[in-house]
Amino acid sequence: MKGTITGLLIVCGFAWLLVSKLSAEDKPDAAALFKKNCAMCHKADGKGYAAMHTPDFTDKEWQASKKDEELIESITNGKKDKGTMPPFDKKLSPDEIKLLVTDVVRKFAE
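Using the working numbering, you'd call the opening residue of the sequence shown number 58 and step up by one each time.
I should point out that these hints are in silico values taken from the structure, not numbers from a laboratory. Virtual Cβ for every residue (Gly too), placed ideally from N, Cα, C. There may be inaccurate statements among the hints.
Unchecked claim - Here are the computed lysine to any residue pairs in the SDA-like style, where the Cα-Cα straight-line distance is at most 20 Å:
id: 1; residue 1: Lys93; residue 2: Asp113
id: 2; residue 1: Lys155; residue 2: Lys139
id: 3; residue 1: Lys136; residue 2: Lys155
id: 4; residue 1: Lys124; residue 2: Phe165
id: 5; residue 1: Lys148; residue 2: Met97
id: 6; residue 1: Lys124; residue 2: Gly135
To be verified - Label pairs and their computed distance ranges (CB to CB):
id: 7; residue 1: Asp83; residue 2: Lys136; range: 28 to 34 Å
id: 8; residue 1: Ala89; residue 2: Ala121; range: 23 to 29 Å
id: 9; residue 1: Lys139; residue 2: Asp83; range: 23 to 29 Å
id: 10; residue 1: Lys93; residue 2: Asn134; range: 17 to 23 Å
id: 11; residue 1: Asp83; residue 2: Gly140; range: 32 to 38 Å
id: 12; residue 1: Lys123; residue 2: Lys92; range: 17 to 23 Å
id: 13; residue 1: Asp86; residue 2: Lys124; range: 23 to 29 Å
Between the sequences and the hints, there should be enough to build the whole structure, so can you do that?
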């Protein structure tokens, strides 16, 4: 009985490691997503173009004034303000959009 439980725990442990590794490999590369979809307007350094009215992601005050949900909404549905932000709901998955906010946009102000 003790051997069966130990064997079961070992099998479960290996299964968990395999699933964890696959999940990490399946995670999109946030920097590559930004470069492909965002950098043309927001620049690779996140400072944006003043003439296009794109926000400076390195500005800590701007970062503090925006909630993640607002940024996700803007990326998903686009925004027509001073500049025009196209919607990305057809190009990016909800997980990719959230990843852009948490792993790229927020990192510019650090």
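The hints, checked one at a time:
Annotation: proposed proximity of lysine 93 to aspartate 113 holds, straight-line Cα distance about 18 Å (limit 20 Å). Restraint check for lysine 155 and lysine 139: the C-alpha separation of about 24 Å exceeds 20 Å, so the hint is violated. Straight-line distance between C-alpha atoms of lysine 136 and lysine 155 comes to about 17 Å, which keeps the hinted pair within the 20 Å bound. Among the hinted pairs, lysine 124 with phenylalanine 165 is consistent with the structure: their alpha-carbon atoms are about 15 Å apart, no more than 20 Å.
The straight-line distance between the Cα atoms of lysine 148 and methionine 97 is roughly 15 Å, inside the 20 Å bound, and the hint therefore holds. Our distance criterion of 20 Å between C-alpha atoms is met by lysine 124 and glycine 135, whose separation comes to about 16 Å. Look at aspartate 83 against lysine 136: about 30 Å separates their beta carbons, and that is inside 28 to 34 Å. A hinted range of 23 to 29 Å holds for the C-beta pair alanine 89 and alanine 121, which are about 27 Å apart.
Against the hinted window of 23 to 29 Å, the Cβ-Cβ separation of lysine 139 and aspartate 83 comes to about 37 Å, which falls outside the hint. The given range of 17 to 23 Å is respected by lysine 93 and asparagine 134, whose C-beta atoms sit roughly 20 Å from each other. A hinted range of 32 to 38 Å for the beta carbons of aspartate 83 and glycine 140 is consistent with their spacing of about 34 Å. At about 21 Å, the beta-carbon gap between lysine 123 and lysine 92 stays in the expected band of 17 to 23 Å.
Distance hint check: the CB atoms of aspartate 86 and lysine 124 are about 25 Å apart, consistent with the given range 23 to 29 Å.
Taken one by one, the earlier hints fail for this structure at numbers 2, 9, listed in ascending order.
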